[in-house]
Amino acid sequence: MEQIVFGIGITALTGALATIAGSAEDTESNIGSQGDPNSQVQLAPQMGFLHRIFNKAIAGEPPAYGLWCALGAGLAWAFMAMQVNAVLAIVLGCVLAVFVQGVYATTAYLGRTASLAKFGQPVFVDVLTSMTSVTMAHAFIAIFATVTLCHLINSALGHPFPLPLLGLIWGIALGAAGSATGNPYYGKERQYQNQKYGAGVPISASGNIVRYAEAGERNSLDNGFFTHKIGGSASGVCFGLIVFLEIWRTILFEKVSAGWGAIVVGILMILIFTVADRYIEVWARKTYGPYAEAKVVS
Amino acid sequence: MSAVAAKPQAGGAMNPTAMAVGVVMLLIILALCWYVSPGMGLMALVGITIGGVLIGFGTHFVPVGGAPAAMGQAPGIATGVAMLAAGAGLAGLFGGAWAAEQGLVVATVTGGVGGGLMMAITCMMVNFVYVFGMGIPSASGKVAKDPITGDTQAEFKSQGTEGHGLPFVSFVGGVTGGFLGGAGGTLIYLQLLGLYEASLPAVMGLPPAQVIPIAVAAAGMFAVGMFLVNAVLTAYNITGTIEGPHDPKFKRWPRAIVASAVASALCGFVAILIVAL
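Just so you know, the protein sequences line up as chains B and V, in that order. Using the numbering used here, the letters of the first sequence correspond one by one to residues 1 to 298. Using the numbering used here, the letters of the second sequence correspond one by one to residues 1 to 277.
Each hint should be verified, as a subset may be incorrect.
Unchecked claim - Calculated lysine-lysine pairs in the BS3-like style (CA-CA distance at most 27 angstroms, straight line):
id, chain 1, residue 1, chain 2, residue 2
1, V, K145, V, K249
2, V, K142, B, K196
3, V, K145, V, K251
4, B, K286, B, K196
5, B, K196, V, K145
6, B, K229, B, K196
7, V, K251, V, K142
8, B, K286, V, K145
9, V, K142, B, K286
Hints in this document: simulated from the structure, not taken from any laboratory.
Could you put the whole structure together from the sequences, leaning on the hints where they help?
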């Protein structure tokens with residue numbers, strides 16, 4: 001009984017850490033403009049719309065976070081093997097991983113922006129100096145939370161995978177959940193704030209992103225501030241639910257009916273999310289209504 | 001032929017000769033494995049190949065809209081095919097590896113449910129953001145009616161787009177793809193783990209208890225690597241975006257099955273050679 005209570009406590013802690021990681025990951029990727037919406041940041045100068053938005057999408061979020069989390073976890077694992085205290089080892093590992101992220105962000109911004117020179121897009125040194133440190137700070141939060149939850153899963157819950165491999169797996173899952181949930185909010189709602197609310201961006205408007213703020217030109221810090229409220233929070237809830245429910249069903253129901261208990265609970269949870277998704281879909285159709293009258297086929 | 005002159009449908013055409021060559025290559029790799037490691041190695045390679053095929057097939061179900069979906073210009077999840085499939089499948093592998101001691105069937109199904117659960121949560125949150133964050137209902141651009149619910153789609157597409165969000169059939173496709181991917185990744189891991197646990201003590205001259213961490217780490221790394229190989233291979237077959245099982249691109253799956261089988265067999269053969277030679 002005591003072991004189950006301990007397991008539930010660790011599970012709750014990993015869920016909380018995953019929520020923080022998901023939220024920080026999405027905000028970092030939006031400030032750095034790393035997800036799919038960056039296609040518009042890259043396209044805008046080619047359409048004649050020069051801007052001051054950061055631009056570092058030379059890799060998708062999942063492989064990038066897979067690399068950084070595996071690096072942080074691997075270095076932390078090495079420090080722990082050298083008898084360094086676990087907390088200090090994780091902090092040191094994540095700090096070193098964040099330096100790699102900083103190098104990645106700097107070279108990516110310079111490389112991607114330089115490729116747009118023929119369209120007149122300048123490299124803004126002040127954008128580089130003011131934004132990079134902010135993305136690094138958010139990346140540190142995301143990597144630290146992910147490596148810490150991996151350490152808890154490995155050392156406290158006894159998962160067989162070594163820490164670096166868990167870092168790689170959960171880093172990729174973090175990037176996948178964060179980009180899937182957060183990208184539309186940054187791509188449609190923020191970049192195309194001048195388009196109609198409640199509708200997709202017409203393909204003909206591609207590249208015409210919003211470039212001006214209340215005072216002066218819009219920068220990526222504004223984008224992070226805006227998207228964090230819904231996109232970042234939703235990404236955090238998404239990754240937090242994934243980590244928490246996956247571990248929770250295993251800790252509580254793994255011993256029931258030789259492992260089938262965890263499977264049945266997992267299927268039940270999938271059904272619950274299916275019903276919730278269908279409710280959201282039907283609610284939207286009824287509440288918002290169609291954009292145009294349905295055509296009657298004679 | 002130039003890219004401009006190429007037929008738009010050319011990407012979906014099946015090439016029987018290429019598929020026959022793929023099957024022959026698969027048989028050659030299996031024969032080589034039988035020659036090098038006739039018993040356990042060959043059985044492991046068959047399991048790895050089945051796991052790779054499950055991943056390749058499952059990736060076709062995952063609704064991925066890429067960059068257009070990020071602007072609400074096309075339905076699907078706004079990220080890459082391989083990346084999303086890998087995220088779901090590896091989350092499944094995490095659960096499957098935890099249940100490895102409970103046998104092949106339980107662990108494989110556990111891995112599948114883990115992948116399906118990850119996709120169910122992600123798909124629901126995607127629709128949550130579209131509906132409550134952006135005020136946009138789901139609409140498919142490929143079918144007039146949702147094949148499962150029968151909901152009409154055309155009137156819910158906003159002007160100048162191909163649709164947006166995740167219609168119910170795409171949600172079901174995502175969960176199915178996550179299940180198949182998680183089960184496939186776990187199957188590869190279990191096959192390699194069994195082989196390494198049996199072979200490494202003799203190869204390294206160490207007691208079995210000492211090689212278990214090495215076997216787990218090596219099998220896990222190979223499983224992750226083979227997962228990415230199959231997911232990326234399938235992404236090339238899909239060429240960009242896919243809405244799910246109702247998308248016309250889904251019909252390309254036989255080609256990906258053959259390619260995944262050959263690629264998995266080749267990668268698995270290399271993984272087996274580590275302990276067979």
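Hints, one by one, checked against the model:
For a cut-off of 27 angstroms, the pair hint linking V/K145 to V/K249 stands: about 17 angstroms separates their Cα positions. Distance check on the hinted pair: V/K142 and B/K196 sit about 24 angstroms apart at the alpha-carbon level, within 27 angstroms; holds. As the CA atoms of V/K145 and V/K251 are separated by approximately 19 angstroms, the hinted pair is consistent with the 27 angstroms bound. For the hint pairing B/K286 with B/K196, the CA-to-CA distance comes to about 20 angstroms; that is within 27 angstroms, so the pair holds.
Restraint check: the Cα-Cα separation between B/K196 and V/K145 comes to about 26 angstroms, which is no more than 27 angstroms; the hinted pair holds. About 20 angstroms separates the Cα atoms of B/K229 and B/K196, which keeps this hinted pair within 27 angstroms; it holds. Among the hinted pairs, V/K251 with V/K142 is consistent with the structure: their alpha-carbon atoms are about 13 angstroms apart, no more than 27 angstroms. A threshold of 27 angstroms between alpha carbons decides the hint, and for B/K286 with V/K145 the separation of about 16 angstroms falls inside it, so the pair holds.
Between the alpha carbons of V/K142 and B/K286 the distance comes to roughly 22 angstroms, so the proposed pair stays at or under 27 angstroms and holds.
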